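Use the sequences and the hints to build the structure in full.
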Amino acid sequence: MARLGLLINYRYCTGCHSCEVACQMEQGLPIGQFGIKIAEIGPWKIGEDRWQYSYVPIPTEQCNLCGKRVAQGKLPACVHHCQAAVMRYGKVDELAKEIGDKRQMALFTP
Amino acid sequence: MSNDTPLQKKLPWRWTEGDLTVTRSNAWSGPGCHEGCGVLLYTDSAGTLVKVEGDPENPFNQGRLCVRCLALPEVTYHPDRLLFPQKRAGERGEDKWERISWEEAYDTIVEKFNGYKEEFGAESVVFCQGTGRDVTWANGRLCYGFGSPNSSDFQSGMACYLPRLASLYATTGNFLVADCSQYFPARYDDPRWTPSECIVVWGCNPIISNADGFFGHWVVDCMQRGSKLIVVDPRLTWLAAKADIWLQIRPGTDAAMALAWLDVIIREGLYDEDFVEKWTLGFDRLAERVAEYPVAEMAKVTWVPQEKIEAAARMFAKSKPAAVQWGLAIDMTKESLPAGQAVTALWTVTGNVDIPGGMITTFLPYGADIWGGDWGYSHLPKETKDRRIGLDKYPLLRWGLPLAQADEIVEAMLTDDPYPIKAVWLQASNALACMGADPEKLLKAFRRMEFVVTIDIFKTPTAVACADILLPALTFPEKDGLRAVWYHIGNINKAIEPVGEGKSDATVAIELGHRFNPDSVPWTGAVEYFDSVLEGTEMTFEEMREAGGVLYPDYEYKKYEKALERADGEIGFNTPSGRIELCSSAYERSGLDPLPYFEEPTESPLSTPDLYKEYPIVLTSGARTWGSFHSEHRQIPILRAMRPEPLVEVHPETCERYGVADGDWIWIENHRGRVKRKVHATQIIDPRVINADHGWWYPEQEAAEPSLYGMWDVNFNKLIPWDPGRSGFGANYKSLLCKIYKVADGEGA
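Line by line, the protein sequences are chains D and U.
Per the working numbering, the first sequence runs over residues 248 to 357.
Per the working numbering, the second sequence runs over residues 279 to 1027.
Hints may be right or wrong, so weigh each one.
[To be verified] Here are the simulated DSSO-like cross-link-like pairs (lysine-lysine), alpha carbons at most 27 Å apart as the crow flies:
hint, chain 1, residue 1, chain 2, residue 2
1, U, K365, U, K671
2, D, K321, U, K772
3, U, K288, D, K321
4, U, K288, U, K329
5, U, K556, U, K520
6, D, K292, U, K956
7, D, K284, U, K520
8, D, K284, U, K956
9, D, K292, U, K365
[Unchecked claim] Counterexamples of contact, computed for chain D against chain U with all Cβ distances above 10 Å:
hint, residue
10, L251
11, V268
12, I278
13, K292
14, G294
15, D296
16, Q309
17, V317
18, Y336
19, G337
20, G347
21, D348
22, A353
Please keep in mind that the hints were generated in silico from the structure rather than gathered at the bench.
Computed from a predicted structure; not experimentally measured.
Using N, Cα and C, we set each Cβ at its ideal position, and we do this for glycine too.
Printed below as a string of structure tokens:
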């Protein structure tokens, strides 16, 4: 069976937390536990008018890629609700091809 | 081109998925939110709301959803929800209540209000609201149906959105928004639309605030489609960090910045001569005025280097189409109308009006009287209208929105001048802890009232301090309603039975309206009212939801060329001259300066240098956080966990100068008072400025006075005066002075 994963274009992740809360609600996770968690990197200055200020959502041990949802023809809860529309779900080899020469892409295989 | 809306697709509004029932709806308050995103409400066999998802078929949010709707079941089923009407059983400020029936509540309200009407006139009862959305019409209908001309909010200068609305209606005859394809059901794929070459995000952080029906992440969508970005903000927001140009403006100097851009654009001939010639009025006078604000001088005023201002002005003016997504910072300057007028001139003189990817004019969808409308105001007798509070002092109110002026209402409540105010109907508003300036003054004003009714989904500090009757409202899954602002209209579909005995604001407006004045509400119930306001769709409420529940009117660009803009069907804009009035006749006839200008914040390093010595830090506030809507959601566990305490952003250099550290509790103090905040040391703010959270209270703390849910120690409004701009609109909520120091041992956290 093809491996499945999440491709995240974190250049445009705004850190809105919708992935985190959608997952907590889907799985009924308690406060403080996450199936996907946002890492904040920055802000710090890296040059004149240039800043490091990024967010990267990282799936945890508790991510099950929403197998039940996917079986119903839906997207994983995080991908569905991502406000910046920067998350993609699919087969890892196909997602890897989508990366191409794009910068700031992360492919997770939870 | 046909609009591929859910309506055309004939999507069901209710279906089952396994054990769950799904109800398609639109998310409008309560809890508070401006957006009205499409949602899917999942209920189990017991009729319990178990999950909320974004509706992928809804073009507005396209399945996306913010944390506040995702967490909605925690709001709807929160143990603190108000579940039945109550009347006060002790003194105001005590948290003692007695459960009553709706009948008793209505009877008491009608008896009291009618008593004041008889003795002091209907104008002695004021109807105020917060920033709920489908609450707006209900408040207006109740007010005008009762016969009072005094509908407003308890915010100095009504300094939230209303100044921008007033400014745009006065000078352009309509409202304009940045075009992110939101009028087209096919959205970014619609061939009529093109992305802005440049978007200016001015005085807001739309990805968090989602204000005014503008889904903030549309800006990110456009960035991903190639739009350049300029951000005008005192803080390095995420958008500012990603912007091509970030102008770190001194709070309260937005008008100076806009005038400086105009100086560059006009001097360098970067404006659209053809558009200016054909469609605007007063360009020469604007140019003369702008020359009084040279960019070199404004650089000193705004604390932004001249070359950066010039670069931004040129990038904006040389981009076409270009758009401005502006925010509350414009409203929350005291002279907010001229500030809004200056920003409006930017997109006007560059010819970005009503073109794809520019600034598009917008109407209420199908003319539905929901978020905006007349609501019976025009049926009030002239002598009643003339008694609207604030008209004498602020003549502009005669020609625009029929609002009573908020600062003048508070004065009247305190002084009986121009006439006594006896009672307040307060709807979806936690005025003491959230929108009201100087809460001690506001509380005094409330204490002089003989009778106060509040209606809300939770008990607030304002209700505990002021209310005599407390009515329970509903969250949106518990009610039918309409989402109707700007681009589309949609059904709010009831998915669950109300948790308690609460009623929707709509139902209360009809039921209480019948008791006030049956002629004012000739509808048997809320749904019949919705049917009537849906007249323009040629559908009933029921038919609309059966057909999919989201309806988009056809959209045309350049309506001013096609005789689709003016009320009289002529070509041009809906102003007296038919042009966009860069020099405003509406302001002139209201005794106001017809041209944009900048005025220093009342208290600032430049306007009050002596005060600045004592209070040497510029203080701003109001930045939104993901998990709360103003003072709402503080009791929702999953959302509170994102922001457990009220923070203040302080630059590390400033921390060092004043001997405070990240995580310390400090006092923020000015000559009006002091409030506590916890320090978040961060480089996102200028070392000369700090930014404090607003709208804080602790629902878990003691409700009764003196605590009022711990509000007094953390109520930012203690630092803000009631002090509106010359037009009656705008106030300096975001530009104050302060000093900071550590909270001493024994003063608590």
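For V317(D), is the shortest CB-to-CB distance to chain U above 10 Å, so the non-interface label stands? Per Cβ check, V317(D) is outside 10 Å of chain U; nearest 14 Å; holds.
When you look at the beta carbon of I278(D), is every beta carbon of chain U farther off than 10 Å? 5 Å, violated
Verify the proposed pairing of K288(U) with K329(U), using a straight-line Cα cut of 27 Å. 24 Å, holds
Chain U versus V268(D) - minimum CB to CB distance exceeding 10 Å, so not interface: 4 Å, violated
Need the status of pair K284(D), K520(U): alpha-carbon distance at most 27 Å? 22 Å, holds
Sort out whether K365(U) lies within 27 Å of K292(D), counting only the CA atoms. 56 Å, violated
Claimed clearance of chain U by G347(D), with the beta carbon kept past 10 Å: Holds, since 15 Å exceeds 10 Å.
Does G294(D) really sit off the interface, with its C-beta more than 10 Å from all C-beta atoms of chain U? Check passes; 12 Å lies beyond 10 Å.
Closest CB of chain U to the CB of D348(D) still more than 10 Å away: 16 Å, holds
When you look at the beta carbon of D296(D), is every beta carbon of chain U farther off than 10 Å? 7 Å, violated
Are all beta-carbon distances from K292(D) to chain U longer than 10 Å? For K292(D), whose nearest Cβ neighbour in chain U is about 7 Å away, the distance does not exceed 10 Å, so it is violated.
Decide if the proposed pair is consistent with the structure: K288(U) and K321(D), CA atoms, cutoff 27 Å inclusive. 20 Å, holds
Consistency note: the structure conflicts with the earlier hints numbered 1, 5, 9, 11, 12, 13 and 15.
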